[in-house]
Every structure is written in structure tokens, then in C-alpha cells.
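Q: Which chain is which? The protein sequence lines are W and F, in order. Per our numbering, residue 154 is the first one in the first sequence, and the count goes up by one each step. Per our numbering, residue 366 is the first one in the second sequence, and the count goes up by one each step.
Take the hints with a grain of salt, since some may be wrong.
Each computed DSS-like pair below joins lysine-lysine, with the alpha-carbon atoms no more than 30 Å apart [claimed, not checked]: (1) 439(F) to 172(W); (2) 417(W) to 508(F); (3) 433(W) to 389(W); (4) 417(W) to 421(F); (5) 421(F) to 262(W); (6) 433(W) to 642(F); (7) 457(F) to 439(F); (8) 439(F) to 421(F); (9) 262(W) to 439(F); (10) 417(W) to 511(F); (11) 268(W) to 305(W); (12) 595(F) to 508(F); (13) 305(W) to 160(W); (14) 580(F) to 262(W).
Keep in mind that the hints were calculated from the coordinates and are not lab data. It should be emphasised that the depicted structure is a prediction, and the values quoted were computed from it without experimental measurement.
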Amino acid sequence: MSILVNKNTKVVVQGITGKEGSFHAAACREYGTKIVGGVTPGKGGTAFEGVPVFNTVSEAVEAVKPDVSMIFVPPAFAADAIMEAADAGIGLIVCITEGIPLADMIRAKRFIAGKTASDNGKRTIRLIGPNCPGIITPEECKIGIMPGFIHKKGSVGVVSRSGTLTYEAVWQLTELSLGQSTCIGIGGDPVNGTNFTDVLELFQKDRNTEAIVMIGEIGGDAEERAADYIKSHVTKPVVGFIAGVTAPPGRRMGHAGAIISGGKGTAAQKIATLEEAGVKVVRNPAVIGEAVKSVLKKEKIRKPRKR
Amino acid sequence: MNIHEFQAKQLFTQFNIPVPRGKAVATVEETKAWADQLQSSVYVVKAQIHAGGRGKAGGVKLTKERAQVETLAKELLGKVLVTHQTGPEGRKLKRLLIEEGADIASELYVSLLVDRFSGWPVFIASRAGGMEIEEVAAHSPEKILKALIDPSAGYQAFHGRMLAYRLGLAKEIIGLFVLMLGNLYRLFMEKGASVVEINPLVVTRDQKLIALDAKVTFDDNSLYRNDDIKALRDLDEEDPLEIQASQYGLNYVKLDGAIGCMVNGAGLAMATMDTIKLAGSFPANFLDVGGGASKETVKQAFTILMSDRNVKGVFINIFGGIVRCERIAGGVMDAAKEVAIKVPLVVRLEGTNAEEARQMLAESGLNLIVARTMWEGAQKIVSLIQS
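Start from the sequences and build out the full structure, keeping to the hints where you can.
A: This is the structure in C-alpha cells:
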């Protein structure tokens with residue numbers, strides 16, 4: 154098992170004929186993802202490597218019934234693309250685009266809120282990202298820009314605000330033969346669709362996930378909120394890392410959301426709060442994999458698996 | 366992007382938010398001409414730099430004498446002001462804002478920013494104006510009021526009334542306050558701001574509401590569609606190396622340590638900095654070269670790192686995902702040949718075809734050390750600069 158996506162997930166790509174969109178749509182398909190269609194206004198009726206291209210998302214939904222939309226639309230038009238996917242009732246929207254104006258994201262997030270998927274009226278629409286690497290269930294379905302080969306099927310859930318730092322952590326796990334159930338990048342923007350708590354809830358419920366890796370960074374209070382949730386709801390072991398112990402206050406560290414403002418959002422604060430919630434927070438990002446290995450070992454001694 | 370107080374106040378005026386009569390001046394002559402024209406009972410002279418803490422550092426002066434304004438301008442213009450936010454090198458004062466003083470009855474605090482959890486704009490208000498809001502939040506959180514604004518309908522008058530009554534404002538002020546928040550919301554959304562802060566917002570003895578200070582930060586991602594805002598950028602307030610880096614699309618933040626870092630991705634870049642600290646030194650910078658890490662970007666990054674005199678060693682940490690490591694290694698080798706690297710260099714490449722890439726680097730004949738993990742790399746560079 155896994156969360157959100159698996160080998161049966163059907164994906165449509167918004168911006169499939171663009172430079173990034175075409176490159177990554179092809180890479181995802183090569184990995185095994187079921188790419189069932191693309192959307193580029195004005196290119197409807199054509200095909201991309203045998204995949205039909207539509208003018209609008211709603212046409213794509215009628216014709217190929219996708220479960221997920223992966224968005225590679227340029228920043229100025231990306232919020233519009235997110236809202237179009239939500240309006241068409243696609244249950245999971247993964248937006249890779251970096252640099253979307255804050256005001257646009259405020260509007261797009263509000264637009265999605267409460268909307269339900271067209272294939273299942275009980276399921277509210279979920280957005281992952283923007284400014285994120287995407288989501289992957291190893292050896293089944295890759296929706297995003299992460300290198301597929303570093304992943305391995307298994308039982309560690311990974312959730313992160315970062316891109317390459319996630320690859321680093323995943324690679325450490327894979328090298329230690331610790332496979333992953335699903336890896337999700339929630340993105341580096343201040344306003345995003347899915348937060349740590351949402352993903353932690355899914356991993357906690359997923360029978361195949363045995364341990365969770367959570368990679369946070371300076372800025373905001375998503376990690377503190379996650380710590381609250383872990384304290385009361387998560388029984389699986391969680392290994393954490395918070396990037397930015399050395400980051401100065403008031404400076405934006407690459408990601409739009411990675412900034413310590415008014416003394417809030419420091420790494421020290423986040424580490425302390427997570428540790429209080431029982432998370433094993435490593436100070437050295439090079440030992441994330443080893444930490445997972447050790448908590449899994451302890452877990453197996455503490456409560457032998459019944460299945 | 367940050368702007369100066371005088372620019373923020375000009376923007377406020379555009380949006381009908383009342384500010385004191387004032388003007389930015391750059392010379393003593395301008396100061397004299399404006400003071401003569403201003404004719405006030407109290408004059409306020411305010412240093413115009415982006416850093417906070419100006420008041421405590423002696424960058425804000427009050428006087429009742431018109432002639433004294435000139436003297437103060439002579440004293441302040443060209444002076445280096447050191448505040449808790451400028452760093453020890455301080456910031457040279459090039460401009461002053463000369464304003465009329467206000468007859469203050471009470472001071473409030475108002476700001477508008479985005480609540481990350483809900484993704485909604487939120488007004489924050491307090492009766493404890495003039496104080497650092499972080500202090501108020503830490504010691505008396507009950508004094509901080511909030512109003513979340515549903516962005517689908519935007520700001521409504523009731524939001525303003527709700528805050529106004531809870532702040533205990535006099536009835537003559539409530540209407541003005543409700544209007545002002547509406548104008549602030551409009552400015553925020555139309556101009557692509559990420560934070561607007563008025564501290565203090567004052568109620569005068571003649572029952573007016575005036576923004577005595579003004580601080581606006583803009584969302585960098587929105588600048589492309591707000592040319593008027595983009596034009597307010599003051600390069601003098603930024604580090605020259607950071608400006609140079611931004612021209613090449615590199616994300617660079619200068620720090621005070623001795624080890625220059627070059628990394629792809631913001632999270633990994635921060636993690637690399639943290640690893641250097643764990644290994645016993647301190648990073649000289651944050652530098653994200655982006656996903657590509659081509660020869661050209663690596664070369665520009667080297668140039669920038671080498672321009673920082675504090676840099677005693679360089680650590681390159683690249684996780685090659687989509688971009689293959691041997692291409693990155695090629696870029697590093699070409700760039701290292703073109704830019705004279707006079708300090709120890711440690712390179713750690715991981716990801717697609719990392720093995721071949723490491724071999725290429727090891728056999729390149731270049732004076733560099735190859736590391737397998739980022740921890741090994743951090744330890745090696747730290748020990749090299751200390752030996």
C-alpha cells in the first residue's frame with residue numbers, strides 16, 4: 154500500500170507541450186506512471202508521444218477520466234491552471250511550478266477549499282505544492298520532477314518542504330535498503346495546498362507505512378502544528394530534520410517561505426517542539442537514514458508485528 | 366523586496382491612508398528648503414535605511430526649532446548608522462525623511478500579512494503601539510487582536526468594526542479606522558505586498574488617525590506585474606555580491622563564515638550550511654545554483670564566492686537528479702580552470718552517474734578533493750581550512 158497514488162493512478166499533464174512539461178511527462182511515463190492525457194490551450198486534438206492533448210481540463214476529464222493533474226504551467230498562469238483542474242473536479246492536483254505570486258495562491262487555495270472530486274463526491278480536492286518536487290510511490294507511480302531511480306519500494310513515508318534535500322534523505326534510505334511507501338514534497342512556498350499534518354494523517358492510517366521521515370525548514374509554523382498532531386495522533390516513529398540552524402533572521406533562504414520573521418520560525422524552536430512531541434530530530438542531515446534504521450529496529454523489539 | 370519608509374508613505378498616500386506631511390531629502394540645501402516650507406511646531410528627522418531599529422540607534426530625531434533641522438541633517442547625512450539589523454558595518458545614510466510632528470493621544474499597532482495555515486490575509490492589531498510587536502506577543506499575547514479576511518469576498522467593514530471596538534477606539538475614530546483598513550487591504554492585494562505594517566498608527570488629540578511609520582514588504586513573485594513597485598528597489602541597500610548573483614539567476618545570501626558553499630536546491634543548501642557548523646566552522650554564504658548547475662552557473666557561482674574575502678575554502682554539494690553528475694562534474698572542472706580558485710575545494714556529487722563523475726574529478730588533475738557524503742565533505746573542508 155501507499156498513500157494518494159499507486160500503479161492504477163491516471164494522470165493528465167497541464168502544460169504538457171511546454172519545455173518542462175514535455176520533458177517530465179516523458180520521464181514519468183518512462184518510470185511507469187499512467188499518463189492518459191495532456192492539456193495545452195490551442196493544441197487540443199493533437200497528440201504528445203501518443204497521448205491525446207486537450208484544450209481544457211474539463212475536456213480531458215470527460216475523455217480520459219484522470220485521477221490526478223500534474224501542473225507545469227508558467228508562474229503567471231499556474232494559479233489559473235490549479236483552479237481549472239479543481240473546477241473540473243480532479244481529486245488530486247500536483248503543482249510543480251515555482252514562483253507563483255502570493256496573491257494568486259491565496260485565491261487558488263480559497264477556490265479549492267471545500268470542492269469535491271467529480272469521481273467521488275465525498276472526497277475533497279487536494280493540492281500538493283506549488284514549488285515542490287511532487288509525489289512518488291516507488292516502483293508504481295511518479296508524479297513530479299524527482300529522479301525515479303533513487304527510490305525503492307518499502308515502508309518509510311517521507312514528507313518534506315524541500316526538493317534536493319528530500320532526494321538526499323531518500324537516497325540514504327535506499328542505500329540502507331530501507332524502501333519508501335510514498336514520498337511527498339509539499340513545497341517551499343508560504344501558501345501551499347497540503348501541509349505536514351495532512352500527510353502525517355495519511356501515513357498514520359496507511360498500513361504499509363512503518364516509519365515517517367519529516368523534513369522541515371525555517372519559516373512559518375507548519376512544523377509546530379505537525380508536532381501538536383504527532384503528540385496526539387501519530388503512533389508510528391517519526392524521524393525529523395529541520396534545515397536552517399545557521400540561517401540569519403529576516404533573510405529569505407531561497408524558498409519564498411523560508412524566512413525567520415519577528416523571531417518566529419527558527420530552526421531551534423521547531424527542533425525543540427518536535428522533540429517534545431517525541432520526534433527523533435537529527436542535527437546532521439547525513440544521518441537521516443541511519444536514524445530511521447535505528448527507530449525501526451527499536452520499534453520491532455518493542456512491538457513485534459502481528460500481520 | 367523591501368522599500369524605504371518614505372516610499373511606503375508615498376504608496377499610502379496613493380491609497381488614501383493618511384501620513385504626516387513630509388519629504389525625503391538627500392542634501393542639507395533640500396532639507397532647509399523643505400523645512401522652511403513645512404512650517405511645523407515639531408519637526409521629525411528620520412534616517413532612511415531598510416534596516417529596523419533606527420530609533421534606538423539614533424537615526425530618528427525630534428526638534429521644535431526649524432534651524433535645528435538643518436543641523437541634524439548635517440549631522441546625519443553621510444553618517445554610518447549601526448542598528449541591531451545592519452550588522453557591525455552599519456549602513457550609510459543617503460536620505461532623510463523630514464516630517465511634521467504629530468500631537469499624539471494614543472498609539473496603536475496594525476499590520477496585514479498572510480496567515481500561512483489558512484492561506485487567508487490576516488489583520489493584526491494591538492493597543493500597544495510603538496512597541497516591538499514580538500515583545501507584546503511574548504509578554505501579553507491577550508493584547509494582540511486578529512481578523513482573518515476570507516479572500517473570496519475580501520475585506521468588509523465589519524472586520525474593521527470588530528477590531529475597532531475590541532481596541533476600544535473612540536467613536537470619532539472608528540469610521541476612519543474601518544476605512545483605513547479597507548485601503549490597506551486594497552494596497553496589499555493590488556500591489557502584491559506580503560507584509561504591511563504600521564507601528565505606530567496614532568490617534569491625534571484632534572481625533573485624526575495617522576500612520577506615523579510605514580513598512581511594506583513585497584512578494585518577489587508578484588514584481589513582474591507591478592513595474593511601479595519594481596522601480597522602488599534600492600540597490601544601495603543590498604549587498605553588491607547578492608545583486609551580482611541575482612543577475613545570473615543565482616540565489617545567494619552573504620553570511621560571515623569562512624566556508625563558501627555551492628549547492629543545488631534551497632533545502633539542501635541550508636542543510637549543507639548546518640553541516641559545516643556541525644563540523645566546527647561556519648558558512649560564508651547560502652548559495653543555491655538551481656537545478657541545472659551548468660558550467661556557466663557554476664562559473665558565476667565561483668566568481669561570486671571568490672569575491673568574498675572571508676572565504677577560506679569552498680564546498681560544493683550537488684545532488685544530481687535529472688541532471689547527470691558527469692555533466693555537473695564537467696561544469697565544475699571547466700569553471701575551476703577559468704576562475705582561479707586559490708583556496709581548498711571539496712566537491713561532493715551524488716545521484717545519477719555519481720561514480721563516473723567522482724572518477725572524472727579525481728583524474729582531472731585539478732587541486733580538489735572528492736567526498737562521498739556531505740558529512741565527509743563538510744569535515745574535509747573544515748579540516749583543510751584549519752590546517
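Q: Work down the list of hints and note, for each, if the structure agrees.
A: The hints, checked one at a time:
{"no.": "1", "hint": "439(F) to 172(W)", "result": "violated, 57 Å"}
{"no.": "2", "hint": "417(W) to 508(F)", "result": "holds, 18 Å"}
{"no.": "3", "hint": "433(W) to 389(W)", "result": "holds, 12 Å"}
{"no.": "4", "hint": "417(W) to 421(F)", "result": "holds, 22 Å"}
{"no.": "5", "hint": "421(F) to 262(W)", "result": "violated, 41 Å"}
{"no.": "6", "hint": "433(W) to 642(F)", "result": "holds, 20 Å"}
{"no.": "7", "hint": "457(F) to 439(F)", "result": "holds, 14 Å"}
{"no.": "8", "hint": "439(F) to 421(F)", "result": "holds, 19 Å"}
{"no.": "9", "hint": "262(W) to 439(F)", "result": "violated, 51 Å"}
{"no.": "10", "hint": "417(W) to 511(F)", "result": "holds, 17 Å"}
{"no.": "11", "hint": "268(W) to 305(W)", "result": "violated, 34 Å"}
{"no.": "12", "hint": "595(F) to 508(F)", "result": "violated, 36 Å"}
{"no.": "13", "hint": "305(W) to 160(W)", "result": "holds, 14 Å"}
{"no.": "14", "hint": "580(F) to 262(W)", "result": "holds, 27 Å"}
In this structure, the earlier hints numbered 1, 5, 9, 11 and 12 are contradicted, and the remaining ones agree with it.
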